[in-house]
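**Student:** Taken in order, these protein sequences are the chains called A and B. Positions in the first sequence are counted from 1; adding 475 to them yields our numbering. Positions in the second sequence are counted from 1; adding 475 to them yields our numbering.
To be clear, the hints were calculated from the coordinates, so they are not data collected in a lab. We put the CB at the ideal spot given by N, CA and C, even for glycine. Keep in mind that the hints are not guaranteed to be accurate.
What the hints assert, rightly or not - Here chain B is said to cover these stretches of chain A; the calculated rule only asks that three of the stretch's residues, wherever they fall, bring their Cβ under 8 Å from a Cβ of chain B: (1) 510–524; (2) 568–580.
Stated by the list, open to error - Simulated crosslink set (BS3-like; lysine-lysine; CA at most 25 Å straight-line): (3) A/K572 x B/K572; (4) B/K525 x A/K572; (5) B/K525 x B/K564; (6) B/K564 x B/K491; (7) A/K493 x B/K572; (8) B/K493 x B/K572; (9) A/K493 x A/K564; (10) A/K491 x A/K525; (11) A/K491 x B/K491; (12) A/K564 x A/K525; (13) A/K572 x B/K493; (14) A/K572 x A/K493; (15) B/K525 x B/K493; (16) A/K491 x B/K572; (17) A/K564 x A/K491; (18) B/K491 x B/K525; (19) B/K572 x A/K525; (20) B/K572 x B/K491; (21) A/K572 x B/K491; (22) B/K491 x A/K525; (23) A/K572 x A/K491; (24) A/K493 x A/K525; (25) B/K525 x A/K525; (26) A/K491 x B/K525; (27) B/K564 x B/K493; (28) B/K525 x B/K572; (29) A/K572 x A/K525.
2 protein chains.
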Amino acid sequence: MEEAKGGELKNILMAKFKEGTSESQIEQLIESFANLVNLVEPMKSFHWGKELSIEKEEEGYIHVFETTFESVEGMAEYAVHPAHHDFAKLFLPNLEKMCSIGYRLVRRRDGTGQDGTGRDGTEQRFRVMFGTSKMEQNGTGLND
Amino acid sequence: MEEAKGGELKNILMAKFKEGTSESQIEQLIESFANLVNLVEPMKSFHWGKELSIEKEEEGYIHVFETTFESVEGMAEYAVHPAHHDFAKLFLPNLEKMCSIGYRLVRRRDGTGQDGTGRDGTEQRFRVMFGTSKMEQNGTGLND
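Here chain A stands alone, though its shape is the one from the complex (with noise of 0.2 Å):
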């Protein structure tokens, strides 16, 4: 799991449907992407979300969709495969936006300390770069 996780290549797709594209048909063009997976070899996993407009810094976008892959090389395989081309032609045509991005996995930091790396007593670790420094003033700045 470790090596799945630290190093996994995604690709993040985030979409906005155009206006009128209704439920049903966005449910479908979601089933199809995620069919996906039954058709490319090197696709590993398909995910997807919806935004719950928190910070209502989206730009938009409405949907999220993580793809994951074996190697750089089955990307580049998704990119031009024929089932990729043909779903694509189905849904590029509902989106209003979208803006997609494939890159490899980076782990820096998880909260159950299981890389190392955890908020459990390995803080002192990692210098407190700036971007703390008021924390370091104030104490925890937790209660600021």
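With the hints as your guide, set chain B onto chain A.
**Tutor:** Quick look at chain B alone, frame taken from chain A:
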């Protein structure tokens, strides 16, 4: 793990740093971002990545920051947390553009079959929706 993955509360922040921001400044800002896991209780993990330029549809975004939270309330707590605000004061002036979106992750498919919806023999459980009609006509569609 199943529960942590399906239903997980995430935030994706995409950013493009201003021209002239040095690699060491970016590194320090990422370190400060990562350190929020130690300062904001409901923030569970921090990961990041840098775009691989495979599909060229990233709208200028270069860095992707993934954070996870224990609850919607926790996300709201993070949004107004003083440590987050201190970090934002240093981070935001260095950005040319950003987009931040919070969402609840829905698992749809993975290739491992661990959630019962994967590639391993469970394809038939899902109707092939439109978007794969070409493949139905032409066989697998993999060699089109």
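**Student:** B/K493 and B/K572: Cα distance at most 25 Å?
**Tutor:** With Cα atoms ~8 Å apart, B/K493 and B/K572 stay inside 25 Å; holds.
**Student:** Take the C-alpha atoms of B/K525 and B/K564, compute the straight-line distance between them, and say whether it is at most 25 Å.
**Tutor:** 22 Å, holds
**Student:** Sort out whether A/K525 lies within 25 Å of A/K564, counting only the CA atoms.
**Tutor:** 22 Å, holds
**Student:** Between A/K572 and A/K493, is the straight-line Cα distance small enough, at 25 Å or below?
**Tutor:** Cα-Cα ~8 Å, so holds.
**Student:** Within a Cα-Cα threshold of 25 Å, do A/K493 and A/K525 meet the stated pairing?
**Tutor:** Roughly 15 Å separates the two Cα atoms, so the pair holds.
**Student:** Are B/K491 and B/K525 close enough, with their CA atoms no more than 25 Å apart?
**Tutor:** 10 Å, holds
**Student:** Under the criterion that the straight-line Cα-Cα distance not exceed 25 Å, is the pair B/K525, B/K493 satisfied?
**Tutor:** OK: B/K525 and B/K493 at ~15 Å, within 25 Å.
**Student:** Counting residues of the region 510–524 of chain A with a beta carbon closer than 8 Å to any beta carbon of chain B, are there 3 or more?
**Tutor:** Holds: 11 residues of the region 510–524 of chain A have a Cβ under 8 Å from chain B.
**Student:** For A/K572 and A/K525, compute the direct alpha-carbon distance and say whether it is at most 25 Å.
**Tutor:** 15 Å, holds
**Student:** Does the structure keep B/K525 and B/K572 at a Cα separation of 25 Å or less?
**Tutor:** Answer holds: B/K525 to B/K572 is near 15 Å, not above 25 Å.
**Student:** Holds or violated: B/K525 with A/K572, Cα cutoff 25 Å?
**Tutor:** Holds: B/K525 and A/K572 sit about 22 Å apart, inside 25 Å.
**Student:** Could you grab the alpha-carbon distance between B/K572 and B/K491 and see if it respects the 25 Å cut-off?
**Tutor:** 5 Å, holds
No hint from the list above goes unmet by this structure.
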